[in-house]
Amino acid sequence: MNLQKLKVYFLLFRITFSVSAFTFGGGYIAIPMMRKYFVNNLELISEQDLMDMAAIAQSTPGAIAVNIAVLVGYRIAGLTGAIISCVGTILPPIVIISLVSLFYQAFRDNRIISVILKGMEAGVAATIVDLVIDMGQTILREKNFLLTLMPPLVFIANFVFDIHVLVIIPTCAVLCVIQTYIKSRRGGTFD
Amino acid sequence: MSRHVLMLFIVFLQIGLFSIGGGYAIIPLIQEQVVSAYNWLTIQEYTDIITISQMTPGPLVVNTASFVGMRLAGVPGAIAATMGSILSGTFFSIALYKFFKKYKNIDSVANVLKGLRASSVGLIASAASTIILIVVVGASSLDVRNFTLNIGAVILFSVSLFLLRKYKLNPILVMVLTGIAGLIMY
Chain Z
0 MNLQKLKVYF
10 LLFRITFSVS
20 AFTFGGGYIA
30 IPMMRKYFVN
40 NLELISEQDL
50 MDMAAIAQST
60 PGAIAVNIAV
70 LVGYRIAGLT
80 GAIISCVGTI
90 LPPIVIISLV
100 SLFYQAFRDN
110 RIISVILKGM
120 EAGVAATIVD
130 LVIDMGQTIL
140 REKNFLLTLM
150 PPLVFIANFV
160 FDIHVLVIIP
170 TCAVLCVIQT
180 YIKSRRGGTF
190 D
Chain R
0 MSRHVLMLFI
10 VFLQIGLFSI
20 GGGYAIIPLI
30 QEQVVSAYNW
40 LTIQEYTDII
50 TISQMTPGPL
60 VVNTASFVGM
70 RLAGVPGAIA
80 ATMGSILSGT
90 FFSIALYKFF
100 KKYKNIDSVA
110 NVLKGLRASS
120 VGLIASAAST
130 IILIVVVGAS
140 SLDVRNFTLN
150 IGAVILFSVS
160 LFLLRKYKLN
170 PILVMVLTGI
180 AGLIMY
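Quick mapping for you: the protein sequence lines, in order, are chains Z and R. Going by numbering that gives the first Met the number 0, 11 is the number at position 12 of the first sequence; the sequence numbering is gapless. Going by numbering that gives the first Met the number 0, 9 is the number at position 10 of the second sequence; the sequence numbering is gapless.
No wet-lab data here; the hints were simulated from the structure. Computed from a prediction, not measured in an experiment: that's the story for all the values here. Glycine is no exception: its CB is placed at the ideal position from the N, C-alpha and C atoms. Warning: the hint list may mix true and false statements.
Below 30 angstroms or equal to it, Euclidean Cα-Cα: the simulated DSSO-like pairs (lysine-lysine) are [to be verified]:
#1 R:K165 - Z:K182
#2 Z:K142 - Z:K182
#3 Z:K182 - R:K167
#4 Z:K182 - R:K103
#5 Z:K4 - R:K165
#6 R:K100 - Z:K182
Distance ranges between label pairs, derived from CB positions [as the list claims (entries may be wrong)]:
#7 R:K103 - Z:V173: 14 to 22 angstroms
#8 R:F17 - Z:V173: 17 to 25 angstroms
#9 Z:N39 - R:S1: 26 to 34 angstroms
#10 R:S35 - Z:T137: 41 to 49 angstroms
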């Protein structure tokens, strides 16, 4: 094993560990955090690639934060990378919860922790909105009518009408296949 | 190593397999298994672990798995339950990712991925809106009769978003700063 590889492994572990230690307020916050490090700072993966990973992490079972970390690790350093990212991501919650389980009543009723969390909720909301704006712009750049329509419609279906992800994702996939079919019959290409 | 450890692994493997959609959607599913089917936790303990899960980092399913595993079989139990809860998700994610990369030259496959991307933006927006509601009015759904606007939270949200967009602040730094702000404000 050469030094370069070890460096990448260590980097993956360090970042997934610290991202996971700050994944307050649901798994979605992990996506903008991963983007900050792996897309913007290190430029190890592209914005498009991260969007693919985010889409896949949501379309498959399990925790989104874990799925996306594993995909990032896999993309950068193969199966070993995936395992390292996975361990880095689940270690903070396992350690913290194991400690908390010993005296959880005191923790649950702690006022200081609850006010810190109340403040953090605003930060979580802002970080995810920031991500949605950037991702939305990327979708618009495709200049495809169906794709442009999809985010707002999915939003309304999920947020307003509470339609389950398991219905939404296959529907979107089928619509895209139909669009490809129609366009290919017209003789044009998709893009 | 006991039968408990293996049971924990198997039960959380099932929970992981069926927890699509993440977050609050899977609370009843985990409750069904952990409280009703196996009596590993009382309903009060389960409600507590949901609360604690929101206070600590990490996905709900991983937190619950660690908590239940720890109580039933100590550290090996926590590890077994957590591994069970994430195994199927990570397996399917990598498989799907490999599939899309392999067949990206086929039009319909590439376009399905584009569609998933677009729908994922909508889903993320939906998750963001739920959090905004919790932050701004303190409820996860809009109830006009009971509308109390939290001005402080609105300002904190706006300032955070401004800093993120204008100065590309690190999200972890934003979390730390808003946490401190919460400590001062409330």
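To test your reading of the hints: which numbers does this structure violate?
Result: hints 1, 3, 5 and 9 break, sorted rising.
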